[in-house]
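Chemist: The hints should help you fit chain Y onto chain B, whose structure is shown.
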Amino acid sequence: MAGLLSPDAVAGLQWALSADALTYCTLGVCLGMIVGVIPGVGVLASVALLMPLTFHLDHITAIAMLAGIYYGSAYGGSTASILLNLPGTESTAITALDGYPMAKKGKAGVALFVTTIASFVGSVIGIVLLAGFAFPIAALALKFGSQEYFALMVLGLVAASMVSAATRMKSLVTIVLGVSIGLIGIDINSGVARHTFGIPSLYDGVSIVAVALGIFGLTELIRSAGQREEKEITEKISFRNMLPTRMEMRQSWPAILRGSGIGSFFGALPGTGGAIASFVSYAVERRINRKPEKFGYGAIEGISGPEAANNAAVQTSFIPTLTLGIPGNPVMALILGVLMVHGIAPGPQFLETNTEMFWGLVASFVIGNLILLILNIPLIGIWTRILTIPYSILYPSIIGFLCIGVYSVSYAPAELYLLAGLGLVGHFMMVLGFPIPPLLIGIVLGPMIEENFRRSMLLQGGDVMGFFGKPFSAAILLLCIAIVVALPLADLRARRRDRKARANAKS
Amino acid sequence: MLSIIRNKDIVAGAAVIVIGGVYALTSLAYPMGTAVMMGPGYLPFVLGTLLVFLGVGIAATGVRQIVGKAENLYSLEANVRAIAVLPASIIVFGLTIETFGLGPATCLAVWSSTLADPRISFRQGLITSIIVAAFGVLLFRVALGLQIEAIKWPVF
Chain B
1 MAGLLSPDAV AGLQWALSAD ALTYCTLGVC LGMIVGVIPG VGVLASVALL
51 MPLTFHLDHI TAIAMLAGIY YGSAYGGSTA SILLNLPGTE STAITALDGY
101 PMAKKGKAGV ALFVTTIASF VGSVIGIVLL AGFAFPIAAL ALKFGSQEYF
151 ALMVLGLVAA SMVSAATRMK SLVTIVLGVS IGLIGIDINS GVARHTFGIP
201 SLYDGVSIVA VALGIFGLTE LIRSAGQREE KEITEKISFR NMLPTRMEMR
251 QSWPAILRGS GIGSFFGALP GTGGAIASFV SYAVERRINR KPEKFGYGAI
301 EGISGPEAAN NAAVQTSFIP TLTLGIPGNP VMALILGVLM VHGIAPGPQF
351 LETNTEMFWG LVASFVIGNL ILLILNIPLI GIWTRILTIP YSILYPSIIG
401 FLCIGVYSVS YAPAELYLLA GLGLVGHFMM VLGFPIPPLL IGIVLGPMIE
451 ENFRRSMLLQ GGDVMGFFGK PFSAAILLLC IAIVVALPLA DLRARRRDRK
501 ARANAKS
Chain Y
1 MLSIIRNKDI VAGAAVIVIG GVYALTSLAY PMGTAVMMGP GYLPFVLGTL
51 LVFLGVGIAA TGVRQIVGKA ENLYSLEANV RAIAVLPASI IVFGLTIETF
101 GLGPATCLAV WSSTLADPRI SFRQGLITSI IVAAFGVLLF RVALGLQIEA
151 IKWPVF
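Each protein sequence line maps, in turn, to chains B and Y. Start counting the first sequence at 1; every next residue gets the next number (UniProt numbering). Start counting the second sequence at 1; every next residue gets the next number (UniProt numbering).
Only chain B is shown next, with the shape it has when bound in the complex:
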């Protein structure tokens, strides 16, 4: 493993402290916080919105900035949850359960302070794990052949489709549809243009920018435009009593550490992420607490644990992306997509040859989190003012930037028509109950899955069972099969028990 004091690590730190890197890192985390604070502008949409800007930067600065948006939004999201009972992002929804009651009791300042600390500690633990595990995992992954990669990618897809709340069949459709869309474009093996309908801008595949902006950005705008009620902040935050009491801190610490552990675990797993991590952390805190009845009425452990979990998960989700090149969640898929547009295929080889870039990213994550720690509390006044920007100004502005952003990447009006169409597709998918985010993972993994599948089948002489000939790929694929079979069975059993319980209640 490359040590912390290796020349590469020092060079990485130097890069992270350079003026350019600092500027874009700060820009990223601040933008992240803003979009995190504003309910209804999701992380995915905002990362997508800023993607076009990053094509004017070199790839590592681009990733540092996009990552900043991602973890910055994890900080900001809790602000809206606490002050408005309106989660700024999906993964901070849990924080509203106890954060908002705290705010109503006049303890909004304390809640914001504790969540900031919890976020920071969670992030740092996540970053440490990222730094520690990246190279060992990459070393292991260097031994992987196409079969192992295929198995891991299938696991990524299966996990992404199985954890979503929508019905499993519909999630599976989203994933398969994503892979299918990913295959559009010129097939690298044969040179045949597949499903391009003769449209030149589809030859390179469906543009990830147009997909992300259409399906996340535009779809979100269509849903909320002209519908959203403006919500007022009734809570006055007094900055004088921001500091938690010693008792509150003592209650928070164990929760923060447990949350960080839970978050780190779920962040690194494919398919899961901050939302699930914070949910599990909340459940754990409530279960082990001596007074579970105070949860929901402003229990401080109910905000510190989940916040730490959410932020730790954000950081560790970089582990599979950077070491294997397999994104564990949609935001990571998007970031991976950006790297691929820059002509970089992340994975063990890339990590081994670009150690400096890896340490640069790690250093910039630490710096970004420090900036967030320092900025979050003094700027709460500004964040709350941002919360009051009316949606009627916000959404037309976002439309403007969607248009310019997509055009600036391709200079092709056709991409805008694609964007408009994808927005509608996304909307009707939502209307019909299909989960949208897994689509992105499918699109990004699609070409890679096909490539590895083809290569494996060639090695195996066309025998599908060949995947079970290697222990690692066999284990992973059996796990996938177990997930696909076990979860619907569990659903069925739950439904049956439900029915029985209802029948019993009737008689």
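Please keep in mind that the hints were generated in silico from the structure rather than gathered at the bench. Treat the hints with caution; some may be incorrect.
[Unchecked claim] To be clear about the criterion: a stretch of chain Y counts as covered by chain B if any three or more of its residues have a C-beta under 8 Å from a C-beta of chain B, and this derived list gives those stretches:
{"no.": "1", "stretch": "33–42"}
{"no.": "2", "stretch": "77–83"}
{"no.": "3", "stretch": "104–111"}
[Unchecked claim] Below, simulated DSS-like cross-link-like pairs (lysine-lysine); rule was C-alpha separation at most 30 Å, straight line:
{"no.": "4", "chain 1": "Y", "residue 1": "K152", "chain 2": "B", "residue 2": "K500"}
{"no.": "5", "chain 1": "B", "residue 1": "K143", "chain 2": "B", "residue 2": "K294"}
{"no.": "6", "chain 1": "B", "residue 1": "K294", "chain 2": "B", "residue 2": "K104"}
{"no.": "7", "chain 1": "B", "residue 1": "K470", "chain 2": "B", "residue 2": "K143"}
{"no.": "8", "chain 1": "B", "residue 1": "K500", "chain 2": "Y", "residue 2": "K69"}
{"no.": "9", "chain 1": "B", "residue 1": "K104", "chain 2": "B", "residue 2": "K291"}
Quick caveat, the model's predicted, so the values are computed rather than measured. We put the beta carbon where it would ideally sit given N, CA and C, even for glycine.
Modeler: Chain Y in isolation, oriented as in the chain B frame:
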């Protein structure tokens, strides 16, 4: 009849069957290859077929709901104006960008998008669109050096 075409799972299933079917059938135009040496049509055909099966499965749950007299209707979850206006405003940008340049195209797109919300006054929409266009030109044209004129005088 209405309960059938308004049923969420039936419509979803049917849509998936159609999309998967078209995808699989159009894949037949490309060389299929064999399992050992896969052609470009192989995986798309497999995926399309898989989609059709999944679609049938989803539609089946819908049929079961109708037989069981359970309602599972979809709703548009947005105001109808937004569904029509927002994609249209992006198309407006696509149609005007190469003729009129960045500023006017952004202005038109942003202004037309304000039509999605009847509560936005003409004045507010106009002001928003001018500010966004100015900011967009500054950021993308001046700061980032996008290769497109800020304002282009159309030649007819």
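Chemist: Does each hint fit the structure? Answer for all of them.
Modeler: A quick look at each hint next to the structure:
no.	hint	verdict
1	33–42	holds (count 8)
2	77–83	holds (count 6)
3	104–111	holds (count 5)
4	Y:K152 with B:K500	violated, 71 Å
5	B:K143 with B:K294	violated, 51 Å
6	B:K294 with B:K104	holds, 15 Å
7	B:K470 with B:K143	holds, 12 Å
8	B:K500 with Y:K69	holds, 19 Å
9	B:K104 with B:K291	holds, 20 Å
In this structure, the hints that do not hold are numbers 4 and 5, in rising order.
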